[in-house]
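Engineer: Chain residues, written in single-letter form:
Protein chains: 2
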Amino acid sequence: MNLKNCMVAQSGGPTVAINASLAGVIRGVYASAVYDTVYGSLNGITGILNNKLTNLTALMDEHPEYLDRLATTPAMYLGSCRYKLPDYMDDDSPYVFIFNQFETYHIEAFFYIGGNDSMDTVLKLSEYARKIGSNVRIIGIPKTIDNDLCETDHTPGFGSAAKYIASSLLEIAHDTFIYAVKSVTIVEIMGRDAGWLTAAAALARNEYNSAPHLIYLPEVPFDADDFLLDVKRLLFERNNVIIAVSEGIRDASGAYISASEGTVDNFGHSQLSGAGKTLEFLIKEKLGVKVRSVEINVLQRCAAHLASRTDLEESMALGKKAVALSEEGVTASMVTINRVSDAPYQVEYGYAQIAHIANEAKSVPAEWIAPSGNDVTQPLIDYLAPLIQGESKVAYENGLPVYMDVSHLSVHQ
Amino acid sequence: MNLKNCMVAQSGGPTVAINASLAGVIRGVYASAVYDTVYGSLNGITGILNNKLTNLTALMDEHPEYLDRLATTPAMYLGSCRYKLPDYMDDDSPYVFIFNQFETYHIEAFFYIGGNDSMDTVLKLSEYARKIGSNVRIIGIPKTIDNDLCETDHTPGFGSAAKYIASSLLEIAHDTFIYAVKSVTIVEIMGRDAGWLTAAAALARNEYNSAPHLIYLPEVPFDADDFLLDVKRLLFERNNVIIAVSEGIRDASGAYISASEGTVDNFGHSQLSGAGKTLEFLIKEKLGVKVRSVEINVLQRCAAHLASRTDLEESMALGKKAVALSEEGVTASMVTINRVSDAPYQVEYGYAQIAHIANEAKSVPAEWIAPSGNDVTQPLIDYLAPLIQGESKVAYENGLPVYMDVSHLSVHQ
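Protein chains in written order, with this note's numbering: chain A, 101 to 513; chain B, 101 to 513.
These are calculated hints, taken from the structure and not from any lab test.
Pairs involving identical chains hold if they fit within one copy or between any two copies, as the list cannot separate such chains.
Within a straight-line C-alpha distance of at most 25 Å, the following computed PhoX-like cross-link-like pairs (lysine-lysine) qualify: (1) Lys282 - Lys152; (2) Lys390 - Lys184; (3) Lys390 - Lys152; (4) Lys390 - Lys332; (5) Lys231 - Lys104; (6) Lys282 - Lys384; (7) Lys184 - Lys282; (8) Lys386 - Lys332; (9) Lys384 - Lys332; (10) Lys184 - Lys231.
All values derive from a computational prediction rather than experimental measurement.
Excised from the complex, chain A in its bound form (with noise of 0.2 Å):
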């Protein structure tokens, strides 16, 4: 009996759809006539190096119900690593283990769902492969709430950020015209380097919300004056004003606008702030406005009951497709979403030659962001409103939503 099977790990930051690209190779193997099984490595590429590893098809032949409750489980089911790899010719050991490990499971094809740093592994890994002549295929599977991978059209994950930063602007919205003075809102959006998620809470805008009133991206350089300019003028129009702010938005020197030094808490002990709160005390001293504001915390990349359908349906046929391609032998690449065109929202699925992709990022460009630096423009918008479109089907019980039993990874720790 001639065994082929293949394997799966996850790695990098959360995302709520990175466990529907790993429910999407189950699939793709179920469907296969290549590989007999799917293992699972726990935490990221470690659980090869430490022999954790999971028969995710026994798992999902005892229960097949699995399948769906994983697809809508935030973060990693089979848990992360931060692990690099270190250069081969540097020291292969770890790639000899890992490549030994390969053979002793009869793996044909390794799956690394994960954002940049994953894609870098994968590039080290078919780079030794092909060095050492294995037919091990190596395939990458996007993932990153930040949306900043190169040679896809967007990145799974990115799109249920996006609904929910949308939607919690919008509620936001609702909180604070209920009261019938000046205030300021300030909501401290994830993407330290790349403003795709901040640019997401332009979707809240509606026919009675033109909230956010200002959007701020780390791609364009702050400045403190013209801001308080654009937040003076706007409380002359009206009551509220609400704000997106990306965490990373730096000065032009290229200084982080967030609070640095001498802050100390009644313990004693020195404090950091983010942008949003500097911002807040900013306008407070200025402006003497009141003013809050609401940092939009690890739940965008995690409150998997507000996912959007489109994005969990995108990444769960990625990760299917990756496994397809690697029946046709493809390998030391990335598959990707390929946008055929906006309205009707269509898409392909593709894939990318690694080395293109792996430590490479992709910022807002220019001409989607407004010449004033405080808005994004239309063509912006028209992109990231397919990706948020549709609902989850998480099941509930007992009022919340069932994602999956993750004890295991307690028991591997």
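For chain A, the structure is supplied; the task is to place chain B on it using the hints.
Structural biologist: Just chain B now, kept in the frame of chain A:
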């Protein structure tokens, strides 16, 4: 023609259920043989004083589909205010004006949906009505995410906030469990004086998730040394420690556990930070472990897409009940929820004299807090569990929840 109308207003801080009570009042008036029209006063009681009134019956006649949409829209459709009526012995001019307005609009009953401060207004209006021999019935309809009103088993808006908190805690747990390294996550939850909301984090526990591992309520004096020992002990047992903490925790002297003085950001402004951030820095300094804090921000009171169906249904029922009681001549009261049993969960609606409610507050009873002071007991969980059951039927369009158009609040600002 002898017109009999009624009037309704909303006040205090937002919840996601306060519009369900408003929809309940409107439904009650539709079903009433007594009342013709229900007027809404914009921005609480100040709408009567500023003559900012809206005909809700006419609105719903024209747009019957708005009734369902209203019931699932967060914050106040009619806007809010923080206006406090003077004692009528000191200054009866606003009272004279208000009761003149009631006469002008043929108002037989006035419903005020709000929290503790709003019940103070209900009390004052009731007393004034008695003094001048007015027949206008004055009835309060409770709402507050804080659940700190007396005489009612729980308050509308609380169950939905509890559901949001428990779901978020569960999603944050998934987000946390993925890394095989020691870490502490602190989740700061609203509730300055009462720990009900923070206690609701315990509902996130299930067969695979034991988080939150520690729960700190404002009812228990907070001891930093005990806290550090608790965290240290748990870090021996497990990798990821997740802590739910009320924004209002205080030390034995009554001082808030939050940053106070000497904190300066890079614009030179002094800053304040909350309990979560303060504990984050305490752990970082004393235990040197990876730590982060997450503030469950205003979304816990405005994320209507995750409202509790039970909460919305009860809130609507209370609105209807208030109308029915006013027809029976009840006044100077607040409608209440009386729990008949936990399992099966069953409630009845009643009312209580407003004099017993206004300016009183309900804390978590000592027997519902673990003797260790860092957890809650099963009876509290049994009390909380029914309140988060069921999901909101909010509609989605273009990927976002569909809420009521609130542009009238800007117009009237």
